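Peer 1: Sequence:
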Amino acid sequence: MRSKASSEASDARRAPDTNVLFASASARDEYHERSREIIREIDHGALPTAVVTNYVVAETLNITGEKLTPQAANGMLDRLVEGTHFKVEHTPKADFNAAQAIFRRYDELSFVDATIAAYMDREDIDYLYSLDDDFDALDDVSRLDTAENPYR
Numbered sequence: 001m002r003s004k005a006s007s008e009a010s011d012a013r014r015a016p017d018t019n020v021l022f023a024s025a026s027a028r029d030e031y032h033e034r035s036r037e038i039i040r041e042i043d044h045g046a047l048p049t050a051v052v053t054n055y056v057v058a059e060t061l062n063i064t065g066e067k068l069t070p071q072a073a074n075g076m077l078d079r080l081v082e083g084t085h086f087k088v089e090h091t092p093k094a095d096f097n098a099a100q101a102i103f104r105r106y107d108e109l110s111f112v113d114a115t116i117a118a119y120m121d122r123e124d125i126d127y128l129y130s131l132d133d134d135f136d137a138l139d140d141v142s143r144l145d146t147a148e149n150p151y152r
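Residue 88 in UniProt numbering is what sits at position 88 of the sequence shown, and the numbering runs on without skipping anything.
Among the hints, a few may not be true.
The following label-pair restraints were derived from C-beta to C-beta distances [to be verified]:
#1 D124 x A72: 26 to 34 Å
#2 N97 x D136: 36 to 44 Å
#3 D107 x D140: 16 to 24 Å
#4 E66 x R40: 33 to 41 Å
#5 R40 x V88: 12 to 20 Å
#6 R40 x A101: 15 to 23 Å
#7 D78 x D136: 29 to 37 Å
#8 G83 x H32: 32 to 40 Å
#9 Q71 x A94: 13 to 21 Å
#10 N97 x D140: 27 to 35 Å
Hints are computed from structural coordinates only; laboratory data are not their basis.
Predicted model only: the values in this text are computed from it and were never measured.
Even glycine gets a Cβ: it sits at the ideal position worked out from N, Cα and C.
Let's have the full structure, built from the sequences with the hints guiding it.
Peer 2: See below:
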């Protein structure tokens with residue numbers, strides 16, 4: 001996988017994990033306020049553009065619809081698709097193939113997590129907003145769990 005120095009050359013983008021997106025919508029979630037702040041800062045452009053893969057969109061909408069309401073899922077979809085500082089990225093088959101190896105290697109990661117890692121590696125994105133410390137097993141992913149901007 002890539003080196004940490006490569007983040008200096010890449011544009012300032014970050015990937016959010018499903019748990020941050022879901023927690024921002026769920027007032028009952030213990031991480032609601034922290035996640036809401038991250039999403040609000042992305043919405044307002046105070047943080048770099050959030051690149052959300054199609055796998056994360058699907059997982060987020062399914063969980064939001066099941067645990068909250070279909071209306072909450074629709075609101076999340078609108079935010080991700082229409083938000084100026086959110087970019088939905090449809091990952092190529094190469095990411096799916098790379099994710100298989102990551103998934104098999106790291107027992108801690110779900111398959112969606114593995115697809116995030118594969119996408120981040122290919123796109124040279126080092127920073128991930130996630131509340132899931134399972135990502136800490138990956139040397140080349142820097143997990144952020146607050147609304148911080150390491151590019152400043």
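Peer 1: Next, verify each hint and record whether it holds.
Peer 2: The hints, checked one at a time:
For D124 and A72, the hinted distance range of 26 to 34 Å is satisfied, since their beta carbons lie about 33 Å from each other. In this structure the supplied range 36 to 44 Å is violated for N97 paired with D136, their Cβ-Cβ distance being about 24 Å. Evaluation of the 16 to 24 Å hint for D107 and D140 yields a pass: the beta carbon distance comes to about 18 Å. The hinted range of 33 to 41 Å is not satisfied by E66 and R40, whose Cβ atoms lie roughly 24 Å apart.
Taking 12 to 20 Å as the suggested C-beta distance range, the pair R40 and V88 conforms, at roughly 19 Å. A hinted range of 15 to 23 Å for the beta carbons of R40 and A101 is inconsistent with their spacing of about 36 Å. Separated by about 32 Å at the C-beta atoms, D78 and D136 satisfy the suggested range of 29 to 37 Å. Checked against the given bound of 32 to 40 Å, the beta carbons of G83 and H32, roughly 19 Å apart, lie outside it.
Taking the beta carbon of each, Q71 and A94 are about 36 Å apart, not inside 13 to 21 Å as hinted. Hint check: N97 to D140, Cβ distance near 18 Å, so the stated range 27 to 35 Å is violated.
The structure shown violates the earlier hints numbered 2, 4, 6, 8, 9, 10.
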